[in-house]
Amino acid sequence: SQKIEQNSEALNIQEGKTATLTCNYTNYSPAYLQWYRQDPGRGPVFLLLIRENEKEKRKERLKVTFDTTLKQSLFHITASQPADSATYLCALGDGGFKTIFGAGTRLFVKA
Amino acid sequence: DVKVTQSSRYLVKRTGEKVFLECVQDMDHENMFWYRQDPGLGLRLIYFSYDVKMKEKGDIPEGYSVSREKKERFSLILESASTNQTSMYLCASFQYFGAGTRLSVL
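Just so you know, the protein sequences line up as chains A and B, in that order.
All residue numbers for the first sequence refer to my numbering, where the first residue is -8 and numbers rise by one.
All residue numbers for the second sequence refer to my numbering, where the first residue is 36 and numbers rise by one.
Do not rely on the hints blindly, as some may be mistaken.
Calculated Cβ distances over 12 Å to all of chain B for the following chain A residues [unchecked claim]: (1) Gly7; (2) Thr9; (3) Ser20; (4) Asn44; (5) Lys48; (6) Glu51; (7) Arg52; (8) Lys54; (9) Leu65; (10) Ala70; (11) Ser76; (12) Lys101.
Derived list of chain B stretches under chain A, where covered just means 3 residues or more per stretch with a C-beta under 8 Å from a C-beta of chain A [said to hold, decoys possible]: (13) 85 to 93; (14) 128 to 141.
No lab work stands behind these hints: they were computed from the structure.
By construction, the Cβ of each residue, glycine as well, lies at the ideal position given by its N, Cα and C atoms.
With the hints as constraints, model all of the structure from the sequences given.
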């Protein structure tokens, strides 16, 4: 069955460092991959979308890579700040109506 | 600014009650979705709609129904609430999500 795996362990980093989150998937051929941010008790907020034919995408301090051979995406936040502390969700879409989501990785950035 | 609004942030209901969760979007989108989110499981799709009066089952539709009478409004209905439907419910229109409704069924 289709599966998305994100590290269930929280990631703790120091302010100013680069945070790197991983998303792996199996039994799926995505047309695109998305990353969302979710704060406690709130709905997810869309951050970035990267298509299957793109290897890398950047937006301000965010960078996403997408390797369809390895079936993996890496999500980087450079110069991290305590305000970046949240849960980050990875999601895959096949170009149709459905999107499947990972369970998310919690990021803590310490001042 | 894009907006998806869910009518309630928190709800407490009794087992067996009929529960309505309302969602309104202001983007004139055709597609709308209902998910539930439980710890460690990620978001799971309950139902989606791609047009007025059109609906499709998602991955976990049992115990739920939906209504889409107008393009901007998509309602999730729990016909007879059960304790295993205690969860966070999220409405979405494309990649835009509402703030969520935390439902507790006692």
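How the hints compare with the structure:
Remark: the non-interface label on Gly7/A is consistent with the geometry, its nearest Cβ contact in chain B lying 30 Å away (cut-off 12 Å). Non-interface status of Thr9/A relative to chain B is upheld: no Cβ of that chain comes within 12 Å, the nearest being about 25 Å off. Under the 12 Å C-beta cut-off, the non-interface status given to Ser20/A relative to chain B holds; the minimum distance is some 18 Å. Listed as a non-interface residue, Asn44/A keeps its Cβ farther than 12 Å from every Cβ of chain B; the least gap is roughly 19 Å.
Distance check for Lys48/A against chain B: the nearest CB is about 15 Å away, which clears 12 Å, and the non-interface claim stands. With a cut of 12 Å on Cβ distances, Glu51/A stays outside the contact zone with chain B, its closest approach being about 18 Å. Every Cβ of chain B is farther than 12 Å from the Cβ of Arg52/A; the closest lies at roughly 20 Å, confirming the non-interface assignment. Every CB of chain B lies more than 12 Å from the CB of Lys54/A, the least distance being 19 Å, so the non-interface label holds.
Non-interface status of Leu65/A relative to chain B is upheld: no Cβ of that chain comes within 12 Å, the nearest being about 19 Å off. No Cβ of chain B approaches the Cβ of Ala70/A within 12 Å, the least distance being about 25 Å, so the stated non-interface status holds. Residue-level check passed: Ser76/A sits 18 Å from the nearest beta carbon of chain B, beyond 12 Å. Non-interface call for Lys101/A relative to chain B: holds, since the shortest CB-CB distance, roughly 24 Å, exceeds 12 Å.
Counting residues of the segment 85 to 93 of chain B whose CB falls under 8 Å from any CB of chain A gives 3; the rule of at least 3 is met. Remark: the segment 128 to 141 of chain B is confirmed as covered by chain A, as 7 of its residues place a Cβ nearer than 8 Å to a Cβ of that chain, reaching the required three.
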